[in-house]
Structure formats: structure tokens, C-alpha cells
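Position chains B and C against the provided structure of chain A, taking the given hints into account.
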Amino acid sequence: MNKKFFSSPIILILPSLLAIGFVIIIPLIFSFYTSFTSYKLTRPDSLYNFIGLRNYERLIDNTKFWYAFGRTILFLAIVLNLELLFGLGIALLINKITWGQRTLRTIMMFPMMFSPILVGFQWKYIFNDNIGVLNNFLYLFGYESAIPWLIDKYLAMGSIMVAEIWANTSIFAILLLAGLLGIPRDPIEAARVDGCNSWQVFKNITLPFLMPFIFIALTIRSLDVGRAYDIVHIMTGGGPAMRTELLWTMIARIGYKDANMGFANAMSYVSIILSIAFTYYFFTKLVAARRELGQQ
Amino acid sequence: MKKIKKIAFWFLVLFLLILVCMPGIWIFISAFRPNPEILAKPANWIPDRWTIYEFTQMFSISGYVSVPAFKYLMNSVIISSVSTVIAITIGMMGGYAFARYNFKGKNKIFLGLMLARAVPGISLSLPLFILFAKIGIINTSFGVIIVYVAMNVPFTIWLTDGFFRQIPKEMSEVARTDGCTRLQAFWNVELPLAGPGIGAAAIFAFLLSWNEYALASVLTRTVHSKTLPIGMMDYLDEFTINWAGMCAIAVVMIVPAVILTFIVQKHLVSGLTFGGVKG
Amino acid sequence: MANVDLKNLTKKYGEVIAVQNMDLSIPHNEFLVLVGPSGCGKSTTLRMIAGLEEITSGEIYIGDQLVNEKDPKDRNVSMVFQNYALYPHMTVEENLGFSLKIAKVDKNEIETRVKEAVQILGLEELQKRKPSQLSGGQRQRVAMGRAIVRRPDAFLFDEPLSNLDAKLRTQMRTEIKKLHQKLKTTIIYVTHDQVEAMTLADRIIIMKDGYIEQIGSPIEVFNKPVNVFVATFIGSPPMNILTCDIISKDQKVKIKIDNEIYLDCPENFKDLFNNKSKVYLGIRAEDLKPVEKNTIDNNDWFFSKEIDLAEPLGTETQLFFHLNGKEIISRMYNPYPVSIGDKINFQIDTSKIHFFDIDTEKTLF
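Protein sequences, first through last, are from chains A, B and C. Residue numbers for the first sequence follow my numbering, so the first one is 1 and each next one is one higher. Residue numbers for the second sequence follow my numbering, so the first one is 1 and each next one is one higher. Residue numbers for the third sequence follow my numbering, so the first one is 1 and each next one is one higher.
Don't read these hints as lab results, they were simulated from the structure. Don't be surprised by glycine CBs; every beta carbon is placed ideally from N, CA and C. Heads up, some of the hints might be wrong.
Listing some non-contacts, in silico: residues in chain A with all C-beta distances to chain B over 12 Å [claimed, not checked]: (1) 50; (2) 66; (3) 207.
Computed spacing ranges between beta-carbons, pair by pair [said to hold, decoys possible]: (4) B:1 to A:141: 29 to 35 Å; (5) C:135 to A:189: 38 to 44 Å; (6) A:291 to B:35: 55 to 61 Å; (7) B:104 to C:238: 42 to 48 Å; (8) A:285 to C:315: 58 to 64 Å; (9) A:22 to B:74: 24 to 30 Å.
Okay, chain A solo, but in the shape it has when bound (with noise of 0.2 Å):
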């Protein structure tokens, strides 16, 4: 009896869900029934005020949060889109040079390690219109004029865009890299018998082969999109005018500067359930690239 029981491997996995019942579970449960309150930090007993539905009422109405959701998606799109598309052309460059690879490919890895707050600020240091390194180089070329690029409305935006974009291609460019160095080279060979150009290998041979690769790059970028708020908080703090404001740092705005956290609470469901949701497709995506492979 003794010994099945500690063998089974519900017993394994039971600490790990413990963690993530105390950590996780149970805080979104309680975070569920405050966005039905009007619970604010500054008065306690508000806790127990219960409004119903109308923190998602006022959500629906409320056009800010609306423009910060559009742009959040936007920022996605465009973000995972292109951190996706220069990881391959990294990796295919990596992939084609025969001297130094591995040096290369460990270089490539340098911004991983970067804290995406220090991302932010490395990026707030070069964008910096008066001191930034961008403006004095540009400067060099005899343009003068201080460029604002985290002050005006849209350059602070693409600013941001490029400080995610240059964070998150390595891990693109570093899976892929494995996923390319993995295909077989039979098929390939024997495509190229068969006629193909090298557009045509790439598309019939070279990406179903990736497939698997991409959509787990994928799945682990999307477990982490939210860390974009820690670059957009030190980078913009979602100024200027609220013009690169995304989900999470409105969320961080009305949660603790305005201190209303049965609204903040509710607008944090909705980003809940985007990321899941990323993460979700992402990984059903995966699952059925695999069994085209046919792996199990």
C-alpha cells in the first residue's frame, strides 16, 4: 500500500500543483470575485461590496481601455509577426555559415539574458533624445535636430516595438537554428534531384520539417508576452498621452495608482484570458505539427 502510494506519480506532480494552487489558482479566484466588487485598496471594507457585473460593464464602456486592448493586439500581431520572420533569416544565415557557428549562434543569445526591465532601459538610454547614443550618432551625419523618439506619439510606440523586437528574435532565431541543424539532409538532397529550386526547397522541403520548431517558439514567447509591460513601464510608462499605454500597465495604473482593484481586477481577466488564449492556439498548433511529422 505504502510503497504503490509513493510510486504513483500524482505524488510527483502534487508539489508542483500545490505551488501553483497557492501561487496562481487561488489568487486568480480571489481576483475573480473582487472584479465583481468595487473593492479599492483604500477602503477595506469595500471588499465585501458587491456590485455584480459591473466592473465589466464599465470596461465595455470604457473607450481607454478599449484603445489600450486594440493596441495591445496590434502590438502583438506586428511583434510576434516580426520577431518571428527575423528569427528564420537569422537562423538561415547562421545555418549557412560553416566557420564559427557555434560562437555565433552562442552571440546570438546575448539578449535572453537581459532582463526585459533592463531591456527598457538600455533601449530609454539609446532612444533619449538628449544623450541618446541613436541621436549622437545620427548627429555624425550632420543631422542636428534632436529626434523625440519616446515623446512623440509614434515613434514612442516603434520605439518600444524595436526594444521587444530586439529582446525576444534570439529565441526565434536560437530554436529555429536547432530545428534547421536537425532536418535531415536526404530529403532535401533528393528534392534537388527531383528539380526543386531553392525557393522551392525551402517552402516544400525546409518549412513543414520547421513547423514543430516555430510553434514552439511560439509557445514559449506567448508565455511571456506579458513581460512587455516591464519595458513599456520604463521605457514610456505608457505615455506620452497614454499613446503606447497597453494592457498591463493600465491594469498596473488603476490598480495601484488609482488604488481600484475590483476594476483593475476585472480588465486583469481580460489580459488573462488573451495570453491563455495565445498560448493555447500556439500549443494546439504544435501538437498537430508534430503528428504531421509524424511524431508522437
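Chains B and C only, in chain A's frame:
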């Protein structure tokens, strides 16, 4: 024609290298540059004078220190190490269970774990802040540690599951017919074989804790528990930024991360892809 | 020093039956080979004996002790795996001594027993090496050594030779046989290769779809297969099987083996063919003898047929032709040159032929 292609190719590689490395190098240089020089216009690319002023400020033991970076560093080290050890221990158990056993709802539990990990830190921070304040573990290392354990466990399970799958099942079976219990077989055979991979998973967990901001910014309040990423914000007040100081603390943050990643990079990639592709 | 008994052993994976009601008694010191196509349940049986697979129902006894609930480690058996499963992080020596170390055997004792195994298997030069530095055959030997060192009640071999090339396989086969004679223990050996089974076994068990088809000595299963499956599984090339009509002609029972070729039914089968119109006829290739002249005595069968193909192999030539629309192989020893389309005379000793029921595929005696 071929030659032009080749030159263009290497230019592209060089451009890429600059793009990847330059920002980091610039921070590094700025950390050793006197503050006035940072503000100089036009820019002074190579510092005239190298200084370690900001570092001595950070770590000075005598007298007044504006930013207690040494304390932050210690907090970071303790919180990241302890949470990593715990996360890797229980995550490894979970990974082993997923790799070696078949049980009901296995794939669903696995997916559930990954989805739990997908919850954005900032969204989770709101309820955690309230709950931790209520049970009195706000602004303690302990509170941050258990949060990091939970955040790291799903990914550790993914990685270690992949590493254990790479070890043939016969390895454990032969050990068991050789007279080992399942635990002995794990300890003597499977663990040593998965060692490098588990090391990689551990360092990955460590880096995640080391670099985390959103949750720590809410759960830590004072020098008792603030970690380096939070401490970095000390240099950033309402109107002025101490650029040199920030660059210096950035260097303190990034150096251990770079070293650790370079140690395990090979296993890290194989673990991520194996777990994913042959799940 | 133990016999192994299986009683009504059954293994199901959900609805799928892997092993069905298996009864088997393996006396001490027997070399038993389980053979069959993949998925027949032979490996599952072995793994149940080792304790690596849970039993759905039934009982397993090792040395008269019920071991159903025992862990693999407490069963005192040793297993050699197909892919050797050597511990890659240990040297040969450490691999060999590992089980004794786990059992907390005295150090000197470990040393002597490892030394003994090393000598038996000729591994003296390799003791300090890691498995990755060994060739396939050497790894195989270490895997066996690891089993020997434990002095188990029974050795379990799970397709141990299938990862080796043909030449090495033959060589290792002899070594395993010698080992058995030296060690005098029970060996249960699983393979899909019938040649291995024939050469090694004291007794062969032929399995299919979770059932035992036949148990017997190599000679028995070769000469007296109980059904079509065993007849075609054992022996290479497989036994020729053709569907024949049974016909009454000229007051005699005749068997039609091809257009216009009718052969007399042997006396001892006549009664069995009452009320039957069709039967499977089985003839081994070596019993279908090409002859130059008709030198038969009256019991033998004789016919001639044009051949489609001749494959000279040196010591023999294999002749291919068709009877009743089926391809038939004949082995010609002492070959003389033949070419495609030649009409060859064939002679069959009727005491060597097999008949199988057309519905049950069981042998008719």
C-alpha cells in the same frame, strides 16, 4: 558575382552582430564613464577617462550610500537561488512523472500547467499583493520565493520531461532488475544522465527569477526584500536619471546572467526543442 | 537455481489482449526460447516475469515463490536488453559491479565476482572503458556480464542480438550457448528470429497474438508443426503451402496440385479426407527434390513442371515455379545448370509432407 554575394553575406552577419551586441557594449562602456561625459554633446564614443566611481558608490561599506545596491544584490542572490533549488526539485519530480508514467489526464494536466504559467505577472500581482498583505508575507523574501517557485515550476517540468525522455526507459528497467528500487534507479542512473539538462533547467529558472520585475515591484517594498531589477529604479526619480549609476547596476545584473547562460546554452536548446518536438 | 512457472497469465492493455491465459512450466537449467512475430506477446511475457510489467491476472512463480507483488529487484532475475542499456556514465567495471554495490555486497566479493565475469566473457582489456568506447559486440558482452555477476535464478534475454550485424550475431549466438552450458541456469530468451530460436533452444515456444501456438524441441516444431502458422514460421525458406482439391478419380483419392497434375493420396491420410473437398498441402523446399530420372519407389510422388526462375547460391540452387497459382520454392543440392523454362522432374517423399485443415489450418495427422 559569387564574390559579391559572399561579401554581402558577411556584411549582413557583421551588421547583425553589431545590432545584437552594441546596446550591451554601450551600457558597459557608460558604466565606467564619468557622469558629465555621458551628457557631453557631441558624444564622446570612447571615454577619455575610465572610472569605477559608480561601482565604489554602490558597494561602499563606509558611510552613506545613496542606493544600497549590495543589499539588493544579496536579496537577488538569495531569492533567486532558493527559489531555483525548490523549483528544480519539485519540477524535476513532476517532469519525471510526465516522462515515465502514463496516467489519466496526463496531457490535460501538462497543458494546464503551461497555461498557468501564461498568466501575466502584472495581472497576478494584484491579488497576490492583497493576499500576501493579509497573511503578512508582503515585503519578505519568503513571499517572493514562493511566487518564483510557482512561476518556474511549469517550465522546469517541460524541460526536465524532455531530458528524462532522452534517456532510454531500459536504463531504469535494467537498474531495477539489477536490484534497485525505483528511487535508487532514479538516483544512481537517471539523475546522473539527465544532470547537464537539469543544470540547464536550473539556470533557466534562476535567470527568470533574477530578471523578474512585475511581481517583485509589487511584492517588495523596502531594502529588506527588494531585488536588483527593482533597486535599479532607485536611480530613476521623478525628474532626473543617474545614467551612469543605472548603467553600473545594469552591469551587475547582466554579468552573472551572461556567464550562466553561456555555460548551459547547449543543453538549454536541446531541452527546449526535445521536450517540444517529441512530446 | 530455480524453475519458473506461469499460471493462467494474462495481460491486457485496456481492451487489447497482449498475452492470453498462458500456462507454462520452465524447469531449472532449461534454455527456453519464446519466438513469434512482433506484437505476439513474447516480450510482454518476459517483462512480466521480470516484474517490469504489471500482471492483469494469473500467477508467476520463480523457484516456487509467488512473485506477482514483488518488485523487479526482489525477484533475483537478470535481464539483457536489445539495446544493451549499459549505464553510459559508468566504466565497464562499474557497470558489472553496480548491482552488487546496490545490494551492499562486500567490496572484495564484488571484485572477485566482477573478475570472474570478466574472465568468462573475455573483457580483460576493456574494464576501464566507458560503454561509448565499445563496439556493438563488446557492449553485448558487458550486458551479459552484468547479468552474470548477479548470479540470478534466471536470465531473461530480450532480443539481445538484433542490433548486431549478421556475422557478429552468429558468433554471439555460440557464445550465449556456451555460457548456458557453463552457468547451468534457467534462461528465457525472446527473439523474432527463428534461426536463433532453433540453434539456441532446449525448448521453443511459438507465440502469436498472445497465444501459445506450439511448444516443443526445435526438431519437434520443425518436423511436426501443429498448424500452418508454425509450419511457415519455422524453417527458411518457409514451408511451401498450397491449396489443393481432393478428387476421386479412377476409384482412387487424388490430390490435385496443379492443372493436370494429380497425385495419389498417401494411404494413412485417406480416412482423414472423408467429406473434404479441399486441403492445404505443406512441403518444405528441401523435400521437393529435383531429380534427373524417375528413380522412385512406389510411395514417392513424382511430377514435372517448368521453372520460372533459378537462383544459384553456391551450395544449392533455389528453383521457383508455380503450382495452383502459388509460387513454390525447391532447393536443389548438388546443382547442375538449369535455365528458365526448363521442365524439371520433382520427387517428394510422402512421409515428409504435411496436410492442414482448410478451415482451422490445424495439422491433419
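Okay, the hints, checked on the actual structure:
1. 50: holds (16 Å)
2. 66: holds (18 Å)
3. 207: holds (15 Å)
4. B:1 to A:141: 29 to 35 Å: holds (31 Å)
5. C:135 to A:189: 38 to 44 Å: Hint violated: Cβ distance 30 Å, outside 38 to 44 Å.
6. A:291 to B:35: 55 to 61 Å: holds (58 Å)
7. B:104 to C:238: 42 to 48 Å: The hinted range 42 to 48 Å holds for residue 104 of chain B and residue 238 of chain C, with Cβ atoms some 44 Å apart.
8. A:285 to C:315: 58 to 64 Å: holds (60 Å)
9. A:22 to B:74: 24 to 30 Å: holds (26 Å)
This entry does not satisfy hint 5, going by the numbered hints stated previously; all others are met.
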